[in-house]
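With our numbering, the residue at position 64 of the sequence shown is 64, and numbering never jumps.
It is worth saying that the hints were derived from the structure and are not from the lab.
Capping the alpha-carbon separation at 25 angstroms, the derived lysine to any residue pairs in SDA-like fashion look like this:
| no. | residue 1 | residue 2 |
| --- | --- | --- |
| 1 | K87 | K102 |
| 2 | K102 | A43 |
| 3 | K120 | D33 |
| 4 | K28 | E16 |
| 5 | K13 | K120 |
| 6 | K108 | I45 |
| 7 | K102 | L112 |
| 8 | K13 | L128 |
| 9 | K127 | Q23 |
| 10 | K84 | T72 |
| 11 | K84 | I54 |
| 12 | K13 | K127 |
| 13 | K28 | N115 |
| 14 | K127 | D140 |
| 15 | K108 | L40 |
| 16 | K28 | G41 |
| 17 | K28 | L123 |
| 18 | K13 | V116 |
| 19 | K127 | A22 |
| 20 | K87 | A71 |
| 21 | K108 | F38 |
| 22 | K28 | F38 |
| 23 | K102 | I45 |
| 24 | K84 | G41 |
| 25 | K120 | G32 |
| 26 | K84 | V64 |
| 27 | K84 | R58 |
| 28 | K87 | E75 |
| 29 | K127 | V116 |
| 30 | K108 | G41 |
Just the calculated beta-carbon pair ranges, DEER-fashion:
| no. | residue 1 | residue 2 | range |
| --- | --- | --- | --- |
| 31 | P8 | L109 | 31 to 41 angstroms |
| 32 | D14 | K84 | 53 to 63 angstroms |
| 33 | K28 | Q101 | 16 to 26 angstroms |
| 34 | A43 | A135 | 56 to 66 angstroms |
| 35 | E16 | K84 | 54 to 64 angstroms |
| 36 | D14 | S114 | 13 to 23 angstroms |
| 37 | I100 | D140 | 52 to 62 angstroms |
| 38 | K84 | S20 | 45 to 55 angstroms |
| 39 | D140 | P35 | 52 to 62 angstroms |
| 40 | F38 | E133 | 42 to 52 angstroms |
We treat Cβ as the ideally placed atom computed from N, Cα and C, and that holds for glycine.
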Amino acid sequence: MRIQQSLPESQVKDAELAVSNAQDEFEKYRDGDAPNLFRLGEARIRVLEEQVPIAAERFARTEVLFQNGHATKSEVEADSLTLKREKLGLEQYQEDLRLIQKFDHPNKLRLLESNVQQAKSELSRVKLRLTNEAAQAAADLRTSQKTLEVLEDSL
1 MRIQQSLPES QVKDAELAVS NAQDEFEKYR DGDAPNLFRL GEARIRVLEE QVPIAAERFA
61 RTEVLFQNGH ATKSEVEADS LTLKREKLGL EQYQEDLRLI QKFDHPNKLR LLESNVQQAK
121 SELSRVKLRL TNEAAQAAAD LRTSQKTLEV LEDSL
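Sequences are here, hints too, so could you generate the full structure?
Structural data, given as structure tokens:
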């Protein structure tokens, strides 16, 4: 009998733990991981926004030096490539951040919110099922007792 009583308690505790974990995961993403991801993306963008003008200025100076015969063609090409790489990096980080903010972040929030709701629904289902099982067990016990009384009366 004790085992039968501890099993439902264990099932409820498991379902409550699932709700707690889902809520924690939601809050961790909403209040920690997502803002951190945004800050990191924005910081990378700010760094590249500073590096692009520097690379452009260096490229322009190297071109002038090349025209005056004080720089080689490979130095001009290297600075041109650096400028292109910095611009491409900036565009890529800007697009990555835009996609995260527009699609990934809202989708992840909806998914985590759904996980919380599903865990809460499962907890409700477990409690309801256990209540129904307890009511059925009580009804079965009453039926068995009545049957026993009828049999004892007939003896």
